[in-house]
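J.: Going down the list, the protein sequences come from chains A and B.
Counting with the numbering used here, you get residues 5 to 113 for the letters of the first sequence.
Counting with the numbering used here, you get residues 1054 to 1533 for the letters of the second sequence.
None of these hints come from the bench; they were simulated from the model.
As the structure is a prediction and not an experimental result, all values here were calculated from the model.
Hints may contain errors.
Residues on chain A that point at chain B, a partial pick, calculated with CB under 8 Å [claimed, not checked]:
id: 1; residue: 15
id: 2; residue: 22
id: 3; residue: 30
id: 4; residue: 58
id: 5; residue: 65
id: 6; residue: 66
id: 7; residue: 81
id: 8; residue: 84
id: 9; residue: 90
id: 10; residue: 103
Simulated restraints on C-beta separations [stated by the list, open to error]:
id: 11; chain 1: A; residue 1: 37; chain 2: B; residue 2: 1387; range: 27 to 37 Å
id: 12; chain 1: A; residue 1: 25; chain 2: B; residue 2: 1218; range: 18 to 28 Å
id: 13; chain 1: B; residue 1: 1167; chain 2: A; residue 2: 36; range: 33 to 43 Å
id: 14; chain 1: A; residue 1: 37; chain 2: B; residue 2: 1510; range: 37 to 47 Å
Here are some of the chain B residues that sit facing chain A, going by a computed Cβ distance under 7 Å [unchecked claim]:
id: 15; residue: 1312
id: 16; residue: 1315
id: 17; residue: 1372
id: 18; residue: 1375
id: 19; residue: 1414
id: 20; residue: 1468
Think of the CB as a built atom: it goes at the ideal place given N, C-alpha and C, for glycine as much as any other residue.
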Amino acid sequence: MEFIIQLFADPATYRLLTIVILSIFLGIEVISRVPSVLHTPLMSGANAIHGVVIIGAIIVMGQAHSDDYLALILGFLSVVLGTLNVVGGFVVTDRMLEMFDKKKKMKKG
Amino acid sequence: MLDILLPLSYLIGSITFIIGLKMLSHPDSARKGNLVAAVGMTIAILATIFLYTDENGNKLGNYVWIFGGLIIGTVVGTLAAKKVQMTAMPEMVSLFNGMGGACAMLISIIEFKHHTSIPVDLYEEAGTSVLKMIPGTLFITIIVGMVIGSVSFAGSIIAWGKLNGKIKDFSFNGQHIVNLLLLGVITALTVYVVAVRPETTIMLFYVILVISLLYGVMFVFPIGGADMPVVISLLNSFTGVAAAFGGFLYNNPVMLTGGILVGSAGTILTILMCKAMNRSLKNVLIGSFGGGAKAGPAGAKEQGNYKEISLNDTAVLMAYASKVMIIPGYGLAVAQAQHVCHELEKILQEKGVEVAYGIHPVAGRMPGHMNVLLAEADVPYEKLLEMEDANDQMASTSVVMILGANDVVNPAAKEDPSSPIYGMPILEVEKAEHVIVNKRSMKPGYAGIENELFFRPKTSMLFGDAKKVLQDLVSELKQV
């Protein structure tokens, strides 16, 4: 109970909760009418977008004390992993979609 | 002036994610959508590096480490993504997803260490109650983010290993009960740690971490074959939620919107896939395939006779057909036969045969896997029929050619209530005049279920590697 009160007492948390609720509906609305051809690229694109967790990794890394080697190493590792997720995700998605593009141009040409 | 730049960049980031996802769901704009999201991500990342300040106004440091990590990640990520074969795409997505989960997990671990390690003199003054000074919301955010991140990480790695054949299916009796138990322990420990804050809190945090990793492994291990796409999609949305918890942690709106968007969009995508198989998510996760034990006796039950067909006969049959429907499956992807397949389609068309592809939504290892594969070979978009349309046209089709597909044409899904795939909609190939099945051997498909279709009177088997068989078939057709 205390926890729930705490949750609503802080305006910042409350604002974030509002964003959460709206984003849930937005996510459902945005992709609810997607043709099955695009399921794989869409999954892959969404995969790249959740790589936004990299921002957390950068903040952690940037705040680590220069003598706290454990934090530095773990932070560095998380930046590498997050970047892999973002860059790999976007590049793979682009490669998949490139094929659709190529095909379209051929049809026009 | 300068301090509005960071929130502005985050706002741009959030908007590009929404627009990017929206554009990704239309064939014409999909590629641009991916690019839009990537640009937004770059802006958000650069803004964080150069503009982020903590509550005391301090900027971030350790630029060498940050840029070092970014560069290594970019080079490795680009190379891996460029080099990967089209067939291995699903594994790759699963692997990248695991990286994101691991990233979320590490962030939580570092933040936990940061909040629980307090200068000694302060610690002595406050005693163990220092732990109690951490706000409950912060504490729970860190732990839940860590749990979801590590489940997603461990699960994705197992899914990756299973898809590329490094890890075999493994299950034991009562595994689901063990899994539920693990989940129960994680929940109970989390509640205990957050509510009570015992002296062993730090140790218990790492216990939760280990159990979460174990749960991720156990969660994916028993799920076999045909259900793997659903699992990857689900893990994808897990990582989204883990990223969103990071957003809570840092009060960061772009992490929150990005994470939650993926969380909810991924969940919808998962449900769409389950619908395609006519099964509930619960059924996929809990009622997983029984593995080898079940497939054995079922196979022995009705090992009837099958008939083979020669390449020559196949060529003649197809050349004089009015309409041919090609049903691709994972076997086509493995054999890298998509280009030859397109060649076959072209040569048949030159001979006046109407050719279409019947695409089952879960054929291959990922939804849309076959579409991507055939698009690579420049097969025109209009030739790819979705399951309902393909089934409508089946009765007017003279020859159905099944290339490395198995479970998606298994009549047991309609006829045998004891079959693990009972209830899944299939391509009803038996409505056509002839059915030709290309397989490498009589071995059951990925899901390990015997397929009675191969023994039916309409069916002829054409054994061999899909690429080799198709090449030979094309040259035979040239002579007909």
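J.: Each hint needs a verdict: does it hold in this structure or not?
T.: These are the hints, each one checked on the structure:
no. : hint                         : verdict
1   : 15                           : violated, 11 Å
2   : 22                           : violated, 10 Å
3   : 30                           : holds, 6 Å
4   : 58                           : holds, 6 Å
5   : 65                           : holds, 5 Å
6   : 66                           : holds, 3 Å
7   : 81                           : holds, 6 Å
8   : 84                           : holds, 5 Å
9   : 90                           : holds, 6 Å
10  : 103                          : holds, 4 Å
11  : 37(A) to 1387(B): 27 to 37 Å : holds, 32 Å
12  : 25(A) to 1218(B): 18 to 28 Å : violated, 42 Å
13  : 1167(B) to 36(A): 33 to 43 Å : holds, 40 Å
14  : 37(A) to 1510(B): 37 to 47 Å : holds, 42 Å
15  : 1312                         : holds, 6 Å
16  : 1315                         : holds, 4 Å
17  : 1372                         : violated, 27 Å
18  : 1375                         : violated, 25 Å
19  : 1414                         : holds, 5 Å
20  : 1468                         : violated, 25 Å
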